[in-house]
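The whole structure should be built from the sequences, with the hints applied where relevant.
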Amino acid sequence: MTTATQSKARTIRFKIKRSDGPGKPSYWQTFNVPVNKGEGANVISCLQYIAANPITADGTATTPVAWKAGCLEEVCGACTMVINGKVRQSCSCMMDTVAPNEGDTITLEPMRKFPVVRDLFVDRARLFESLKRVKAWVPTDNLWDLGAGPIETPEQHEVRYKLSECMSCGCCMDACPQFHKIEDDAKWQNAFIGAAPISQVRYFNLHETGATLKTERLNEMAAKGGISDCGNAQNCVKHCPKSIPLTESIAAVGRDTTIHAVKQFFTGK
Amino acid sequence: MSESANPAQPAVPTPFLLRRLHSLAGLLPIGAFVIMHLTTNASVVWGELGKGGVETYQHEVNFIHSMPLLLLIEIFGLWLPIAFHSILGFYYAFTGTSNVKHYGYGANWRYALQRFTGYFGFIFILYHVATLRWGWTWLPFSSGFDAHMAASTTAQAIRGGMDPTALAGFLIGALYLVGVLALVYHLANGLWTFAITWGITVSEGAQRRWGFACTGFGLAMAAVGTMAFVGFVTLDIEAAQQTESQMHAEVVNADTPAINELADNDNNNTTHQR
Amino acid sequence: MPSVNKNARVIVVGGGLAGLAACVRLAEQGVNVDCFSIVPVKRSHSVCAQGGINATNEIARQQGYSEWVHMDETLIGGDFLADQPPVYEMTHWAPKIIDLLDRMGVPFNRTAEGQRDLRLFGGSLFKRTHFSGATTGQQLLYALDEQVRRSEAEGKVTKYESWEFLWPITKGEGADKKCVGIVAQDLRTMQIRAFPAEAVIMATGGCGLVFGKSTNSVMCTGGAAARCYKAGAHYANGEMIQVHPTAIPGADKCRLMSESARGEGGRVWVPAKIGDTRDPREIPEGERYYLLEERYPKYGNLVPRDIATREIFSVCVDDNMGVDGKNQVYLDLSFKDRKELDLKLGGILEIYEKFAGEDPHEVPMKIFPAVHYSMGGLWTTFTPQQRPADPVQDLNCGFDTVTGMKFGAHNTMMTNINGLYAFGEVNFAYHGATRLGANALLSCIFDGLFSGQGVANFVKEAAEPVADIHQSVYDEAVQQEHFKTQKLIDTAEAGHSDPATNPYQIALEMGEEMTAACTVVKTGPRMEKAMSKLNELQGRYENVRLADGGMWTNQNLSFTRALGDMLTLGEAILQGSINREESRGSHYRPDFLERDDERFHQTTIAEFNPTTGKPDLSYKDVIGGMVKLRPRDYGRTESEPKAEPKEATAKV
Chain W
1 MTTATQSKAR TIRFKIKRSD GPGKPSYWQT FNVPVNKGEG ANVISCLQYI
51 AANPITADGT ATTPVAWKAG CLEEVCGACT MVINGKVRQS CSCMMDTVAP
101 NEGDTITLEP MRKFPVVRDL FVDRARLFES LKRVKAWVPT DNLWDLGAGP
151 IETPEQHEVR YKLSECMSCG CCMDACPQFH KIEDDAKWQN AFIGAAPISQ
201 VRYFNLHETG ATLKTERLNE MAAKGGISDC GNAQNCVKHC PKSIPLTESI
251 AAVGRDTTIH AVKQFFTGK
Chain X
1 MSESANPAQP AVPTPFLLRR LHSLAGLLPI GAFVIMHLTT NASVVWGELG
51 KGGVETYQHE VNFIHSMPLL LLIEIFGLWL PIAFHSILGF YYAFTGTSNV
101 KHYGYGANWR YALQRFTGYF GFIFILYHVA TLRWGWTWLP FSSGFDAHMA
151 ASTTAQAIRG GMDPTALAGF LIGALYLVGV LALVYHLANG LWTFAITWGI
201 TVSEGAQRRW GFACTGFGLA MAAVGTMAFV GFVTLDIEAA QQTESQMHAE
251 VVNADTPAIN ELADNDNNNT THQR
Chain P
1 MPSVNKNARV IVVGGGLAGL AACVRLAEQG VNVDCFSIVP VKRSHSVCAQ
51 GGINATNEIA RQQGYSEWVH MDETLIGGDF LADQPPVYEM THWAPKIIDL
101 LDRMGVPFNR TAEGQRDLRL FGGSLFKRTH FSGATTGQQL LYALDEQVRR
151 SEAEGKVTKY ESWEFLWPIT KGEGADKKCV GIVAQDLRTM QIRAFPAEAV
201 IMATGGCGLV FGKSTNSVMC TGGAAARCYK AGAHYANGEM IQVHPTAIPG
251 ADKCRLMSES ARGEGGRVWV PAKIGDTRDP REIPEGERYY LLEERYPKYG
301 NLVPRDIATR EIFSVCVDDN MGVDGKNQVY LDLSFKDRKE LDLKLGGILE
351 IYEKFAGEDP HEVPMKIFPA VHYSMGGLWT TFTPQQRPAD PVQDLNCGFD
401 TVTGMKFGAH NTMMTNINGL YAFGEVNFAY HGATRLGANA LLSCIFDGLF
451 SGQGVANFVK EAAEPVADIH QSVYDEAVQQ EHFKTQKLID TAEAGHSDPA
501 TNPYQIALEM GEEMTAACTV VKTGPRMEKA MSKLNELQGR YENVRLADGG
551 MWTNQNLSFT RALGDMLTLG EAILQGSINR EESRGSHYRP DFLERDDERF
601 HQTTIAEFNP TTGKPDLSYK DVIGGMVKLR PRDYGRTESE PKAEPKEATA
651 KV
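Line by line, the protein sequences are chains W, X and P.
Residue numbers are given in the working numbering: position 170 of the first sequence equals residue 170, and the series is strictly consecutive.
Residue numbers are given in the working numbering: position 198 of the second sequence equals residue 198, and the series is strictly consecutive.
Residue numbers are given in the working numbering: position 208 of the third sequence equals residue 208, and the series is strictly consecutive.
Hints are computed from structural coordinates only; laboratory data are not their basis.
A quick note: this is a predicted structure, and the numbers were derived from the prediction, not measured.
Incorrect hints may appear among the rest.
If you only want the chain W side, here are some residues facing chain X, beta carbon under 8 Å, derived [as the list claims (entries may be wrong)]:
{"#": "1", "residue": "P34"}
{"#": "2", "residue": "G38"}
{"#": "3", "residue": "A175"}
{"#": "4", "residue": "A222"}
{"#": "5", "residue": "S228"}
{"#": "6", "residue": "N232"}
{"#": "7", "residue": "A233"}
{"#": "8", "residue": "N235"}
{"#": "9", "residue": "T247"}
{"#": "10", "residue": "E248"}
Backbone N, C-alpha and C define an ideal beta-carbon position, used for all residues, glycine too.
Here it is as structure tokens:
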């Protein structure tokens with residue numbers, strides 16, 4: 001803006017995969033965005049610039065790009081998209097790191113495994129449905145004053161805390177070769193559930209009260225689309241923005257499901 | 001919504017059971033057999049004390065072929081498990097879509113390679129068993145296997161048949177080497193994922209350490225397999241035939257009934273061109 | 001006994017802590033709930049809360065702490081602008097709330113023995129803040145989200161995610177005015193629909209975006225509150241905006257750096273010598289100016305937020321001592337043990353490293369104040385209840401009877417419109433003129449659980465069943481929203497970027513002006529100037545043009561609509577600030593430096609005047625009765641420390 005910052009200004013090209021709505025063809029548009037070094041510009045601030053100046057690099061007037069955002073601190077998971085081919089949050093994608101030079105290009109695409117609503121905005125309802133599949137809650141009796149919850153050691157807390165940081169962003173699913181885009185919500189139930197809900201199974205089974213639903217959760221893990229659909233490609237853990245040990249969760253739930261199934265085999269319960 | 005399992009359902013859900021059996025079959029009996037098979041083959045190179053490689057190998061083969069109900073063992077212990085593991089494996093593999101193009105990480109490559117070696121390994125096993133066990137020598141560049149002439153017929157087979165051209169020799173040789181290495185990879189990596197799937201290695205550290213162990217195992221098996229391959233490719237076929245004929249003559253002269261049966265059996269099954 | 005409406009339905013607008021807590025309470029009470037949220041509820045702004053949640057606990061109690069002291073801290077923290085009975089009730093419910101959250105599985109940090117761990121927080125000398133790493137808000141929200149999902153699976157709650165609240169549907173006028181539903185729009189299909197209900201709870205959070213870059217999430221426009229205000233709901237204490245002392249400035253927002261960083265020992269300092277550009281690690285202890293510790297020896301770095309903010313602001317702006325000559329100071333944790341830091345503050349240190357590109361384990365963080373929370377909000381009422389003082393909870397309080405709120409009373413946190421409630425940050429009830437750290441999560445959940453009971457009783461026992469309300473009431477409301485939408489859509493022109501009428505440009509100028517005039521330091525003349533700027537922007541907004549005229553996921557429309565509401569709310573905030581000629585809590589007026597209890601121990605009530613489009617202000621006495629007013633200085637030392645830095649350098 002000011003002359004003092006002119007010297008550190010550069011132009012970044014944003015190549016954006018757009019689509020006007022579900023079932024509509026996708027198309028690419030390129031936008032030039034001026035960015036100043038050292039001012040903390042990220043993909044969000046650039047998309048904000050594009051929203052205010054919806055004119056493509058070749059001068060075509062267009063509509064602002066649609067995308068989802070929330071906290072902009074990488075704790076809500078809303079602004080997840082595919083940046084330069086890889087899935088991540090756009091708020092933490094800093095321009096000075098990923099596009100330090102004049103003319104650098106950034107490509108933005110919507111997440112690949114969720115139905116597109118418009119442009120970079122996808123519908124991740126399936127993710128929340130999958131949390132219902134695994135009964136991802138502690139079955140408390142009621143809301144009245146019944147004293148404290150179960151005692152927990154710091155070690156147990158440390159394990160559970162890490163798992164509880166999952167913000168349901170869907171990166172683990174988007175990067176997974178076993179997880180596919182399904183538009184028809186009737187088909188979600190039997191499709192691979194993905195790493196995050198498996199990790200939630202572990203999280204809730206580790207809680208004393210939560211474990212009262214352990215059998216039902218492990219049944220779901222043993223059902224079609226459950227844990228055995230995992231192919232151990234382990235992209236999930238590489239792309240979890242919260243560094244949740246997803247592959248450990250998968251192995252731990254795999255162990256529990258194995259033991260559970262053996263018990264079931266012999267006891268029928 | 002919170003209804004418990006439908007009473008009509010089996011105690012252990014079928015998809016899960018099939019998955020676990022699929023995983024188990026890869027290790028037992030298939031994996032165990034592969035280990036045995038490759039070490040047996042490698043005996044052509046070193047041989048036992050006082051004996052040549054050809055003799056040792058012939059001994060091993062004789063031992064195997066002396067087993068009672070061999071065909072039933074083969075059908076139920078090998079061919080059906082392999083068919084089960086392969087058919088389900090194909091089905092499972094088709095449920096995935098590799099994305100190494102975007103996510104070129106080691107584990108993801110191994111995931112893709114596991115599926116590719118599965119496809120390739122299956123074709124290789126089919127060719128291998130069909131030509132050397134079932135005697136489908138009408139397949140290109142192929143010849144059969146004679147249990148009395150174990151080393152020499154094996155050597156011929158992997159050099160492209162009885163009348164090899166340079167191309168046939170190269171193609172079949174390459175098929176064998178790549179096929180064996182592919183299956184070794186498939187087994188070693190399968191061993192690694194087996195431990196995760198069954199929940200044996202849970203922590204990242206355990207998975208990493210078990211990964212080193214599986215890598216070591218894979219490299220060792222690859223060395224064994226390659227050694228056998230080199231052994232057969234460099235085998236002096238005529239000398240081997242002499243040794244084998246001698247051994248066979250000794251056996252026939254001894255007139256062991258079991259062996260005679262076996263010999264008859266084999267003569268019926270394989271197209272013996274000599 | 002009146003007949004009970006068994007089909008009663010309540011609409012909850014907002015799926016943050018307050019909204020979700022209300023959902024679980026209502027579902028448990030057998031009321032049908034429709035929950036509306038712009039974002040999937042799990043992505044609500046509550047996830048950004050980091051530090052913790054306050055409650056009396058047995059350890060603190062044995063050292064002299066109690067619910068009563070918690071109330072006292074909250075009241076003096078808020079500079080006595082909060083009505084006392086709601087604060088009494090909230091602080092007395094706090095321990096029960098912690099226990100309930102614990103039962104729900106919130107991973108609170110633990111001591112070696114397995115008890116819930118505690119940390120020190122601003123405005124208290126006792127450890128009374130429960131926490132879950134440095135992502136407490138996230139953990140609490142998830143626990144409630146899980147409970148609501150359970151209710152949803154049982155068919156008790158219906159979620160409308162990606163739906164925007166447009167208008168409260170009301171019937172009648174004056175004191176008879178009542179809310180009978182809402183108009184909402186699906187932000188994907190752009191469908192506009194009426195949703196009838198016996199009661200509506202607004203739980204829509206704060207309005208940080210009025211100030212442009214704040215610590216708030218992008219949906220915290222205050223639009224929903226502004227729409228209720230335009231529909232006749234009163235807006236109280238709008239001028240009370242909290243500026244958080246420690247945030248990381250960025251291009252798109254200012255990211256919060258939790259007070260827990262100081263609670264765990266973090267120290268705020270600047271180089272004692274102006275223009276000292278050495279690497280902070282090379283500046284010896286003696287050449288650092290620990291401004292808060294030296295100015296407030298008793299509370300140190302844990303003075304309430306408004307005080308820390310002003311001191312940091314003044315060190316940078318007045319004394320020109322900011323790091324590298326910029327508006328920033330050091331927040332230092334680099335001297336602490338890495339493992340312990342990760343255990344207790346991992347989440348926020350990671351945020352700093354990701355966004356600022358430096359490792360706070362190694363180097364001090366660079367931070368500056370940013371707009372954070374609105375203590376003000378929709379005006380709400382309650383039913384006071386006198387009861388004997390509790391010998392444990394109210395130890396040494398000096399009263400025989402105390403006044404709390406009546407549990408289950410129909411009007412608990414009801415606005416001046418019957419059946420329209422406001423819970424959480426969007427109401428004005430608990431925090432007065434400054435909110436203490438880690439009290440926000442408490443007030444939100446408390447509202448949902450406590451005040452939610454009143455709503456359940458109201459819709460069962462007192463509300464007119466929606467079945468009796470004529471359909472035309474709903475049709476007209478939808479018509480009105482269609483008309484407003486169409487008016488904006490008709491302005492659309494692809495590629496529109498003329499700054500004069502571009503909504504994003506108008507929003508940018510509004511944010512910059514509001515931040516400059518109406519945050520840390522407010523003066524009459526500057527605010528008058530801001531008011532004319534706001535009026536100019538309102539004029540430009542009349543001619544605002546969209547760049548997208550489509551009726552599918554038109555975010556341009558949604559933003560522009562909210563911008564109009566932000567301008568209205570901004571004006572109420574500004575007018576409240578201009579008229580409050582005193583300094584109290586976060587409201588700091590150098591032209592009126594003293595707290596003026598004579599004139600302003602009162603709640604500002606802004607009423608939207610539909611004729612002028614401007615706020616009409618009036619004042620209501622603050623309901624006290626328990627804690628007596630006293631000066632709020634947190635033991636600031638008399639000696640003016642401005643001279644000290646130079647002496648310090650001279651000594652070296």
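Verification of the hints:
Against a cut-off of 8 Å between C-beta atoms, the interface hint on P34 of chain W is violated, since the closest Cβ of chain X lies about 29 Å away. Evaluation of the G38 of chain W hint against chain X yields a violated restraint, the C-beta minimum of about 31 Å exceeding 8 Å. The beta carbon of A175 of chain W comes within 5 Å of a beta carbon in chain X, closer than 8 Å, and the hint placing it at the interface holds. The restraint placing A222 of chain W at the interface with chain X holds, with a minimum CB-CB distance near 4 Å, inside the 8 Å limit.
Satisfaction of the interface hint for S228 of chain W is found here, the shortest Cβ-Cβ separation to chain X being roughly 4 Å, below the 8 Å cut-off. For N232 of chain W, the suggested interface contact is upheld, since its CB lies about 4 Å from the closest CB of chain X, less than 8 Å. Annotation: A233 of chain W was flagged as interfacial toward chain X, and the flag holds, the nearest CB pair being 4 Å apart, inside 8 Å. Below 8 Å, beta-carbon pairs count as interface contacts, and N235 of chain W has one with chain X at about 5 Å; its hint therefore holds.
Because the closest C-beta pair between T247 of chain W and chain X is about 7 Å apart, less than 8 Å, the hint holds. The interface hint given for E248 of chain W is met, as the beta carbon of that residue sits about 6 Å from the closest beta carbon of chain X, less than 8 Å.
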